[in-house]
Amino acid sequence: MPLGTIALLWAASFSLGALPLTGWAVRVFTRRDLRALGTGNVGVSAAFIHGGKLAGIAAVLAEIARGILPVLAGRFCFPDAPAIALALLIPLVAGRYAIARGGGVTNAVWGFLVFSPPVAVSSGIWGLLVWGLAQRWWGKGDRARLFASRCGCLCTPIWVWVWRQSMPEFLAAAGLALLLAAINFSQGDDMALSKSDQLFSLDDSLDAAICGDKAAKLSQLKRAGFNVPAGWILSQEAGIGHRASGIGHRGNSDELSIPNAFIQNLKSKIQNRIIVRSSAAGEDGDTSSAAGQYQTIGPVFTEAELLDGINRSRQSYWTSEAVAYRRQRQLPDTQMAVLIQPYIDSEFAGVMFSRNPLDGGSQVIIEALPGGAESVVGGQVTPLHLEIDFSKPELLEKKLTELKSNSIIAESILAELVKQAQAIEAFFHGIPQDIEWSWDGEKVWILQSRPITNLQPFWTRTIAAEVIPGAIRPLTWSINRPLTCGVWGEIFKVVLGDRAIGLNFNETATLLGSHAYFNATLLGEIFRMMGLPEQGLEFLLRGQKMGKPPLGKILPSLPGLWRLVQRERALNAEFKGDRTSIFLPALQSLEKEGTTRILTRIHGLIIEDESKGILMPNAQFPMPDYQYLTELLERAEQIQEWLKPITYYNILGPIGLAIRKAIFRVNDDWLANDSAPEIASVRALQQLAHKLRQAAVSQPDETVSVADIAQTFAETPALQADFEKWLDIYGYLSEVGTDIAVPTWREQPEIYQKLLINMAQKAETNLAEKREIKLSFSQKWRLEKCQERALVKNEISEIYARLLAHLRWTFLEIEACGLAMQVFQESGDIFYLEFGEIQQWIRSGASVSFQDTISQRRDRLVADRDRPIPPVVYGNLLPNSQTRAIDSATSETNIIQGIPASIGRVEGFVKICRTASTDLGENAIAVVPYTDAGWAPLLLGATAIIAEVGGQLSHGAIIAREYKIPAVMNIAEATTRLRDGQKVRVDGYLGTVELLE
Numbered sequence: 001m002p003l004g005t006i007a008l009l010w011a012a013s014f015s016l017g018a019l020p021l022t023g024w025a026v027r028v029f030t031r032r033d034l035r036a037l038g039t040g041n042v043g044v045s046a047a048f049i050h051g052g053k054l055a056g057i058a059a060v061l062a063e064i065a066r067g068i069l070p071v072l073a074g075r076f077c078f079p080d081a082p083a084i085a086l087a088l089l090i091p092l093v094a095g096r097y098a099i100a101r102g103g104g105v106t107n108a109v110w111g112f113l114v115f116s117p118p119v120a121v122s123s124g125i126w127g128l129l130v131w132g133l134a135q136r137w138w139g140k141g142d143r144a145r146l147f148a149s150r151c152g153c154l155c156t157p158i159w160v161w162v163w164r165q166s167m168p169e170f171l172a173a174a175g176l177a178l179l180l181a182a183i184n185f186s187q188g189d190d191m192a193l194s195k196s197d198q199l200f201s202l203d204d205s206l207d208a209a210i211c212g213d214k215a216a217k218l219s220q221l222k223r224a225g226f227n228v229p230a231g232w233i234l235s236q237e238a239g240i241g242h243r244a245s246g247i248g249h250r251g252n253s254d255e256l257s258i259p260n261a262f263i264q265n266l267k268s269k270i271q272n273r274i275i276v277r278s279s280a281a282g283e284d285g286d287t288s289s290a291a292g293q294y295q296t297i298g299p300v301f302t303e304a305e306l307l308d309g310i311n312r313s314r315q316s317y318w319t320s321e322a323v324a325y326r327r328q329r330q331l332p333d334t335q336m337a338v339l340i341q342p343y344i345d346s347e348f349a350g351v352m353f354s355r356n357p358l359d360g361g362s363q364v365i366i367e368a369l370p371g372g373a374e375s376v377v378g379g380q381v382t383p384l385h386l387e388i389d390f391s392k393p394e395l396l397e398k399k400l401t402e403l404k405s406n407s408i409i410a411e412s413i414l415a416e417l418v419k420q421a422q423a424i425e426a427f428f429h430g431i432p433q434d435i436e437w438s439w440d441g442e443k444v445w446i447l448q449s450r451p452i453t454n455l456q457p458f459w460t461r462t463i464a465a466e467v468i469p470g471a472i473r474p475l476t477w478s479i480n481r482p483l484t485c486g487v488w489g490e491i492f493k494v495v496l497g498d499r500a501i502g503l504n505f506n507e508t509a510t511l512l513g514s515h516a517y518f519n520a521t522l523l524g525e526i527f528r529m530m531g532l533p534e535q536g537l538e539f540l541l542r543g544q545k546m547g548k549p550p551l552g553k554i555l556p557s558l559p560g561l562w563r564l565v566q567r568e569r570a571l572n573a574e575f576k577g578d579r580t581s582i583f584l585p586a587l588q589s590l591e592k593e594g595t596t597r598i599l600t601r602i603h604g605l606i607i608e609d610e611s612k613g614i615l616m617p618n619a620q621f622p623m624p625d626y627q628y629l630t631e632l633l634e635r636a637e638q639i640q641e642w643l644k645p646i647t648y649y650n651i652l653g654p655i656g657l658a659i660r661k662a663i664f665r666v667n668d669d670w671l672a673n674d675s676a677p678e679i680a681s682v683r684a685l686q687q688l689a690h691k692l693r694q695a696a697v698s699q700p701d702e703t704v705s706v707a708d709i710a711q712t713f714a715e716t717p718a719l720q721a722d723f724e725k726w727l728d729i730y731g732y733l734s735e736v737g738t739d740i741a742v743p744t745w746r747e748q749p750e751i752y753q754k755l756l757i758n759m760a761q762k763a764e765t766n767l768a769e770k771r772e773i774k775l776s777f778s779q780k781w782r783l784e785k786c787q788e789r790a791l792v793k794n795e796i797s798e799i800y801a802r803l804l805a806h807l808r809w810t811f812l813e814i815e816a817c818g819l820a821m822q823v824f825q826e827s828g829d830i831f832y833l834e835f836g837e838i839q840q841w842i843r844s845g846a847s848v849s850f851q852d853t854i855s856q857r858r859d860r861l862v863a864d865r866d867r868p869i870p871p872v873v874y875g876n877l878l879p880n881s882q883t884r885a886i887d888s889a890t891s892e893t894n895i896i897q898g899i900p901a902s903i904g905r906v907e908g909f910v911k912i913c914r915t916a917s918t919d920l921g922e923n924a925i926a927v928v929p930y931t932d933a934g935w936a937p938l939l940l941g942a943t944a945i946i947a948e949v950g951g952q953l954s955h956g957a958i959i960a961r962e963y964k965i966p967a968v969m970n971i972a973e974a975t976t977r978l979r980d981g982q983k984v985r986v987d988g989y990l991g992t993v994e995l996l997e
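Read in my numbering, the sequence shown has 480 at position 480, and its numbers run on one by one without any break.
Derived lysine-lysine pairs resembling DSSO-like cross-links, with alpha carbons at most 30 Å apart:
1) Lys576 to Lys644
2) Lys983 to Lys762
3) Lys592 to Lys725
4) Lys419 to Lys392
5) Lys785 to Lys964
In short, the hints are calculated from the structure, not lab data.
None of these values were measured; they are calculated from a predicted model.
Hey, can you work out the whole structure from these sequences and the hints?
And the structure:
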């Protein structure tokens, strides 16, 4: 091997690296010397930052050529010794660093690409993976980027060994990698410096971590088209200099040495007066406002005043009050960005809240004074205070006209402010906003917008209304909440892994006004952790559809999502195993005595003294003791243990089915729902009604009275036995399957016997025939992927409902004992206690009285049952509101929009049905608060269905489609807005209810 040739190539490579090609490129395009700019590095990143796009592209091309030439020369001269070609990159990079003042990374990357593409690609992929992991550990920033680039360099020799299996090549790559890493550690970072020196604009997409929350939010609003004044931001590290003193020190040493060019540049952008505003991390944030903590300086006229204003604003970050605020809010100490904007000459200005800041009510609150907004927020003067209710849009104009006489603000401006407040709240995904505004005589300017931090967390009925609708008693909630929160917490932990640490899943749900709400704030945070789109919060707060998640954001959650997919795929097999080993033996042990005997014993423990009108022990039954109560309590505790795994299946099963239907594009009509309890029970009752009618008439079309049908039933033991068998099979169902305080069908046989007789009296019993749907081979294959899960889901629902029914009957037996022992006074009292209170009573064996507690809770439930329940609550307080009713004389369109659930168009008269035992009458449109399996018999007799809550997959929607009954879901407060006998038109295709009178 000729050493002379190697030495010559080595020297040539070093000389080639010493040529300042990048510096020349920047000089040609900009006449600027990179050595005097930024960090002084003469590299590709510096060329882009200081020379612009054309200079940067020219520099890249030059460095690519410089990296390729030594490798090609080495391969040409020594084709049998490829390690020499790789080693020639070492003097090239050394020359770049020692003389040309560059880093040499671009040269090395392209040199490796020519030398061995697999090595270069593997190193690049490895660097990207390390970068992603570093971002998860340190967050997005320069630290993660630099760590990834250094790891990429140092790991390259490993890839050389993997792909080449050559020790000389490995040693050459190792030498080059160590040199690149050493240079990287020693050189300054132009990219990081550019972030600190860059003057950002509100027209840019801003990072709150760099520019602060205030500037970032204003940037979003401005780019979305809202009237936000122009603005420029000095980032948190802008200006070369740092505080020399400790926290709270206010001396001159706190001033930052901001270059004169910065100040001149800023002053040139704003010709007139200027205002300097703070924009710190955490200021105007989602959970902290930092209102009044930092200083705003203005108006500013000269460059000297501008520099002084920037320093004063930044120094306010370190006052003792501001530091104490951050400590209390657990916010880290960083630095403060500064926002510089034109000073608005306001005729009047102020603040407004998009919702009532006390309770989240439907009022826009406007406070205003002549002059600047700082007078209002300063708290020194009492401003004009207006409250504008927007809950009834048709009355808004009238309200604004009334306010005009007492206001300094014109009606048109008030209307514009209300419009802006609602638009900004909608833009920020339904989060109530505290907005600073100004009117300059021509337009409304938005100066600031931040969340109303005391209106958190947000609670939503979007999911809760389906899971457990209606007013809920304490016993039901004390059992359902830990079950539901526990299962959702387990599911989220599977997806999030270690990121779930610190999340309190016990706060997933709460009761407000005796109604269940889910924590939209917590769920929104979980959605963001999972990489789901921002529309996730709008789905929770407004019921809007969620967009597709960005792939880049969802990547960190892919391992967790895959774990969840694995669980979902294994659900059928796991459930079948638990069904055999847990659930069927559990139900057999509970049902061995027979439901009828259990209920007979419950009702036999006490009798009513008609003369005194009170309940008293039945002398024919032995007085219950605490040993017997303890046995009942242990049974209740055991049932709850069985409920834990079935609740998991009852939540994950429907989620899995919905995902499968979306993936395989399976329509609801394709699925066979015959085994669903709500469908099977109605179909079985219809068949029994058909038999009853046949026994009562001689001709199929013969008219027969209800009395004759009832007599036939009373005189036919076989039909009575069939009805008892139907109750034995489906008696575990109730109006609300998840609420153990609601009686089961088995406890109310007279209601369903009456329903049976009414169904038999009609000439047609509306027997739904199994529909044959012709499907293609592809559609059948897709259906197979969902049908088995649908059948398993129905099995899960049945077991879940049966266990809840037995839990209810156990509590009824405990209550009967308590009535006999005079712990309770009337039936239903036990459901106003929490489970923990029942446990403490029975285990203590002490004589107790719950009457005051029960009386207070019963009165509260009655009041909550009749009040309007908002779909979203902001904070932990229900807003004060009055019962609303739609007045056809004041409604402009008389059309209420809901969710279409079952196609068809019907005109008819409303019947408000607050319970499933309501007598619907003939040809009525049923208006119900919700639809569960227990509502099926009632809904069957309706000409159309209107429900306050629910969607296309709710029980009522399934029944309506099965029997071709027009239905509209999600008509808020329908049972209070509509009235009995009111004529309406229901359009199940458009999802509308039109008031005809």
